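Protein sequences appear in the order of chains A and B.
Position 163 (the first sequence) corresponds to 163 in the numbering used here; numbering is contiguous.
Position 81 (the second sequence) corresponds to 81 in the numbering used here; numbering is contiguous.
Derived by calculation from the structure, the hints in this document are not laboratory data.
Errors might be hidden in some of the hints.
[Claimed, not checked] Some residues of chain B that are not near chain A, with every Cβ distance over 10 Å (derived): (1) Leu20; (2) Val31; (3) Ala35; (4) Arg49; (5) Leu50; (6) Arg60; (7) Glu71; (8) Ser114; (9) Ala140; (10) Ile145; (11) Glu158; (12) Thr179; (13) Glu208; (14) Thr219; (15) Thr241.
[What the hints assert, rightly or not] Cβ pair distances, simulated, as ranges: (16) Glu108(A) x Glu183(B): 24 to 30 Å; (17) Thr48(A) x Gln13(B): 24 to 30 Å; (18) Glu108(A) x Gly220(B): 38 to 44 Å.
[What the hints assert, rightly or not] Okay, derived cross-link-like pairs now, DMTMM-like style, lysine to aspartate or glutamate, Cα gap no bigger than 25 Å in a straight line: (19) Lys83(A) x Asp91(B); (20) Lys83(A) x Asp209(B); (21) Lys194(A) x Asp53(B); (22) Lys83(A) x Glu84(B); (23) Lys86(A) x Asp81(B).
Note that the structure is predicted; figures quoted are calculated from it, not measured.
Virtual Cβ for every residue (Gly too), placed ideally from N, Cα, C.
Chain by chain, the residues:
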Amino acid sequence: MSPISRGFHRRRGPDADPARVPPGQYVTGDFPVLSAGPTPHTSLDMWTFSIVGAVDESKSWSWNELQSLPQETVTVDIHCVTKWSKLDTTWAGVSVDALLDGVDTSAEYALAFSDGGYTTNLPLEDLQGGKAWVVSSYDGEPLDPEHGGPARLLVPHLYFWKSAKWVRGLELREDDEPGFWEGYGYHNYGDPWKEQRYAGD
Amino acid sequence: MERAAVRGRLTWQLANVVELAAETARTRTIVLEPAEPLGHRAGQHVDVRLTADDGYQAQRSYSIASAPDDEHLVLTVERLDDGEVSPYLVDDLRVGDALELRGPIGGYFVWDESLGGPLLLVAGGSGVVPLRAMLRHHRAVESRIPLRLLYSVRSLDEVIYRDELTRARPDGELDIRFTLTREQPDGWDGYARRIDRELLADVAWPVEDRPLVYVCGPTGFVETAADILVSLGHDAGRIRTERFGPT
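Isolated chain A, as found in the complex (with noise of 0.2 Å):
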């Protein structure tokens, strides 16, 4: 039981509909940014977006081959560890089902890989289902660098940091291998709604 601090109340209306904003989150209309390092600029001629590992194939798109395949536009909110919340933010990508169609593979776990060296693990069902995207657009424009552009995973039922900026493929595997922040005490999955920010909670 938290004990109250002497004189502190609330100073803003109820952001939103309490039903959309997970425990211990308030809702900006900002759209902050994180990031461990410099934001890395690689040119679209260079880029891929590959499915390694636990396969029996390797995939791998070019950036003109990843916008050629059906793109879907989605609004969700999203949710960060650092307490923020933004309601209805609107993106368009490649679900991560179509990019798994075809792909033959034992594994339970993906680790997705970034520019820069960022990683992070998810179970490959949380990947699945209509719950996953490879979203190179926000809001109707290209995907600004310093928000993960050309392209970051989108996974809005984890925490925001499971959604790697940055994004050039997903590795399958048998074991889960803790990605960058999942090996500094962060969460190993991040259900917002079970507020899981830091490992043990």
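Chain B: place on chain A using the hints.
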């Protein structure tokens, strides 16, 4: 890349407020005595949670301003006028109050001697807070690793830890430089503009020295500084960043 030691759950605990000090018109330093020492590394942060009498709670992250070697846990908080937690911490919190917190959090934006150097710390505004923890740790362990801090701030009045940082200047290993971007006192001999390529080329160590760089500040500042450092030839893998605020 180093890994944090496996550790248990980060539990909430109470820390007593033992001292408060105004740093600038918008920032206040909060000196705390936690029930259990956090055992943090320089550069890490804590989560602070406030609870209203109607049960409403709000939590935010704040960088730790003290070195692991310091006696107390110190936070320095900048008031965001449309904020909910920072105005309380800067204006309403009193000595003798207890603050609920947990940590330490973050394991990448940290420095200790084993990571080497030379060190380049680049601060924009209140981004100096976690870098000050690194400075103090560097001094506490009497490190011989060369360290340079570039601190960009609008005016001298807005310099956080002004006495400490200006006092620390004439030291062989410590080289602290300011750039005052909006207003400079008469006779100012430091930089007087927003960071640019020439300024960073002047301050950053030679590329061949492979400096370890920590940049902290508002998003635009950090993006600019990191982009310029990479374009000057510094290894992106040795530039660690912490950004705050909207784009």
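Consistency of the hints with the structure:
1. Leu20: It holds; Leu20(B) is separated from chain A by about 14 Å at its closest Cβ, greater than 10 Å.
2. Val31: 17 Å, holds
3. Ala35: With a cut-off of 10 Å, Ala35(B) remains clear of chain A, as the shortest Cβ separation is near 12 Å.
4. Arg49: Label violated. Min Cβ-Cβ 6 Å, cutoff 10 Å.
5. Leu50: 4 Å, violated
6. Arg60: 6 Å, violated
7. Glu71: Given that every Cβ of chain A is farther than 10 Å from that of Glu71(B), nearest at about 24 Å, it holds.
8. Ser114: 16 Å, holds
9. Ala140: 23 Å, holds
10. Ile145: Non-interface label stands for Ile145(B): nearest chain A Cβ at 21 Å, farther than 10 Å.
11. Glu158: Holds, since 22 Å exceeds 10 Å.
12. Thr179: 20 Å, holds
13. Glu208: 19 Å, holds
14. Thr219: Violated, because the least Cβ-Cβ distance between Thr219(B) and chain A comes to about 5 Å, which does not exceed 10 Å.
15. Thr241: 6 Å, violated
16. Glu108(A) x Glu183(B): 24 to 30 Å: 59 Å, violated
17. Thr48(A) x Gln13(B): 24 to 30 Å: 47 Å, violated
18. Glu108(A) x Gly220(B): 38 to 44 Å: 41 Å, holds
19. Lys83(A) x Asp91(B): Holds - the C-alpha atoms of Asp91(B) and Lys83(A) are around 22 Å apart, at most 25 Å.
20. Lys83(A) x Asp209(B): 38 Å, violated
21. Lys194(A) x Asp53(B): Holds, at about 24 Å.
22. Lys83(A) x Glu84(B): Between Lys83(A) and Glu84(B) the Cα gap is close to 12 Å, so the pair holds against 25 Å.
23. Lys86(A) x Asp81(B): Distance ~20 Å between Lys86(A) and Asp81(B) Cα, so the pair holds.
Checked against the numbered hints given earlier, the structure breaks hints 4, 5, 6, 14, 15, 16, 17 and 20 and satisfies all the rest.
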